[in-house]
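**Student:** Listed below, chain by chain, are the residues.
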Amino acid sequence: MNKKQKRQLIRIILAVVLVAGALFSEMLVGIPKTLTTVLYFAAYITVGLETVQKAARNIFRGQVFDENFLMALATVGAIILGEMTEANAVMIFYQIGELFESCAVDKSRKSISELMDIRPDYANVLREGIEVKLDPYEVKIGDIIIVKPGEKIPMDGRVIEGRTSVDTAALTGEAEPRAAEVGDEVISGCINMTGVIQVQVTKEFEESTVSKILNLVENATSKKANVEKFITKFARVYTPLVCMSALIIAVIPPLVSGGQEFSVWIYRALTFLVISCPCALVISVPLSFFGGIGGAGKLGVLIKGSNYLEALARVETVVFDKTGTLTTGSFEIEEIIAEEAYTKEQLLELTAYAESYSHHPISQSIIAVYGKKTEPDRITAVKEIAGRGVEALIRFRNKEITVHVGNEKMMKDIGIFEVPISENTIVYVAVEGKFAGYITFADKVKKDGPETIRKLKKIGVRRTVMLTGDRKRTAEKVASELGIDRVSAELLPQDKVREIEELLAQKNEKRSVVFVGDGINDAPVLARADVGVAMGGLGSDAAIEAADIVIMTDEPSRLASAIAIAKKTTGIARQNVIFALAIKFAVLALAVAGVASMWAAIFADVGVAVLAILNSIRALNVSKFE
Amino acid sequence: MKKNFKLENLDCANCAAKMEAAINKIDGVSAVISFMTSRLTLEAEDAYFEEAVETAQKAISKVEPDCLIVR
Chain A
1 MNKKQKRQLI RIILAVVLVA GALFSEMLVG IPKTLTTVLY FAAYITVGLE TVQKAARNIF
61 RGQVFDENFL MALATVGAII LGEMTEANAV MIFYQIGELF ESCAVDKSRK SISELMDIRP
121 DYANVLREGI EVKLDPYEVK IGDIIIVKPG EKIPMDGRVI EGRTSVDTAA LTGEAEPRAA
181 EVGDEVISGC INMTGVIQVQ VTKEFEESTV SKILNLVENA TSKKANVEKF ITKFARVYTP
241 LVCMSALIIA VIPPLVSGGQ EFSVWIYRAL TFLVISCPCA LVISVPLSFF GGIGGAGKLG
301 VLIKGSNYLE ALARVETVVF DKTGTLTTGS FEIEEIIAEE AYTKEQLLEL TAYAESYSHH
361 PISQSIIAVY GKKTEPDRIT AVKEIAGRGV EALIRFRNKE ITVHVGNEKM MKDIGIFEVP
421 ISENTIVYVA VEGKFAGYIT FADKVKKDGP ETIRKLKKIG VRRTVMLTGD RKRTAEKVAS
481 ELGIDRVSAE LLPQDKVREI EELLAQKNEK RSVVFVGDGI NDAPVLARAD VGVAMGGLGS
541 DAAIEAADIV IMTDEPSRLA SAIAIAKKTT GIARQNVIFA LAIKFAVLAL AVAGVASMWA
601 AIFADVGVAV LAILNSIRAL NVSKFE
Chain B
1001 MKKNFKLENL DCANCAAKME AAINKIDGVS AVISFMTSRL TLEAEDAYFE EAVETAQKAI
1061 SKVEPDCLIV R
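Those protein sequence lines, which keep their order, are chains A and B.
Once you know that position 586 of the first sequence is 586 in the working numbering, the rest is easy, because the numbers rise by one and skip nothing.
To convert, take the position in the second sequence, counting from 1, and add 1000; that gives the working numbering.
Keep in mind the hints are simulated off the structure, nothing from the lab.
Note that the structure is predicted; figures quoted are calculated from it, not measured.
Where hints are given, some of them may not hold.
Examples of chain B residues lying across from chain A (beta carbon under 7 Å, computed) [unchecked claim]: (1) Met1001; (2) Ala1017; (3) Ser1030; (4) Met1036; (5) Lys1062.
Idealized CB from N, CA, C, for every residue including glycine.
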């Protein structure tokens, strides 16, 4: 509790004591009535003076229907009617509600800032061989920083000396530390655990991962959900409407009936005023969304706005990109089959030489398995043929030979029409125009892939779709392994956009299509879907920028967790709205009928607020979705 | 230009909603106030931006006199 809250608490306690004293003095015989009245007034001044002052000040500023005014009017009215106990009760409970609200808001703000406690305070920079402690903002690209065990890595960079393991839990929610050696990239916001490392800075602080994430979280609640927009709009109408009704109730019935006393109706009107404050409603919705976004953050899922959380809860179809999302994206050699003229090793050698200038993941994998360094002077000429493969002139057994490495189309181009087929990705090799063998690759399904699809189905996703540029046979094998409903294979990037548009046209209007990709080549698709989710966002700026939701780890199952959190959060927000409105309207109706006393009104206002806030705080608890 | 400001002494959620509505009534200015993070995102033409912040502050003060835009 801060100072202001403590002061408020002391006032409330003091007022309760004074009111208790007043009630006690009423029961005793022989105590003068004036003492009771004095005690009541003392209590009211203790707890309500500030509210009355604020109300008076705000009227002069043209803010008539503010909560201070409503409470002041209701309580002063009650005092005039002689209902001293109730006037004090309204004020005391109103203050308790306010105190509770501000404590709850503080609590959830704090739990979020703890969660995002990744902002580094300083960086140890080497300047002319001497280590200096600088503000992270002052460090430039190319500077060398020293990070000791236990310190946060202040900005993104590459390790140039030392080895260590880094704890990425604050960013990814992943408990397992990662190893970092010379040449490895390290990401700001992670904690260095075991060894001292020297890091060459590759990004300024403002461009570093940690800044981007903090920025994103801080801005998340400014993209508001529809429920939230609805409730603020509703509040603008609700308060004036209830106040007008109060006025009508106070004046019209006594005039019409003539017989009934004014004071009865004024009491009912005052009851209205107590209920008319919308603050509970207005706070409970963003509070739940804030909790949901924070909770998802704990699991390494960054959600860029309350609106996306809402859309995620309404998910109907989940569309996955294959490579890098559902599969690991690293192509592991499965089989090397050589024709009789060559050994497996020779075939691998030829392929590695031909592919040695290519950056394709398949080429990288071949070169890695070959293991030996390729001698550049053995390669005379290399030509990449887009959509086909590579043609290279290589010195082999002291002869210069032409090697073709590529797909089926490439083989057809050089006159080889019959090649073996496989359901895996396959690369064919031909030497001097003659078929020499092939290598097959397995793009492994991620460990939690099948579990992801199962979980998605369980939480109500109607359809799962996989899009890929890969061959149909490979795609279908992966899809059946995972249990995916529909596959579209052999797609070019623009085809993926078209597929998404088709799915968007087919869906139920109230539900949403979620696309999950690795964020590298699929920015247009991410943008086109109702919700774009990028996987493995750690360290990838493009992904963080293009997506609406970023999953920091490489686990697709986190999507299921995020959807579960989204459903829980929107559920809580809806419960709050319905519950608060139902109680308020019920008590309003009862008040008109003369059944509800001011005590019921106090419950409808403060009681509902407290319950709604407690309910909202539940959104922060996400441990069961891990 | 779009800029993000911290708001000091923003005490009530309904007030935040009122401020947001009031600022959005100013010509050429659009604003979002997030009560939970106590932040104001203000968008206006570069040339009038300073002026826009001034007017926004006035609109805010009218709702809650203690609430200040931190610049």
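**Student:** Tell me the hint numbers this structure goes against, listed in increasing order.
**Tutor:** The structure conflicts with hints 1 and 3, although it agrees with all the remaining ones.
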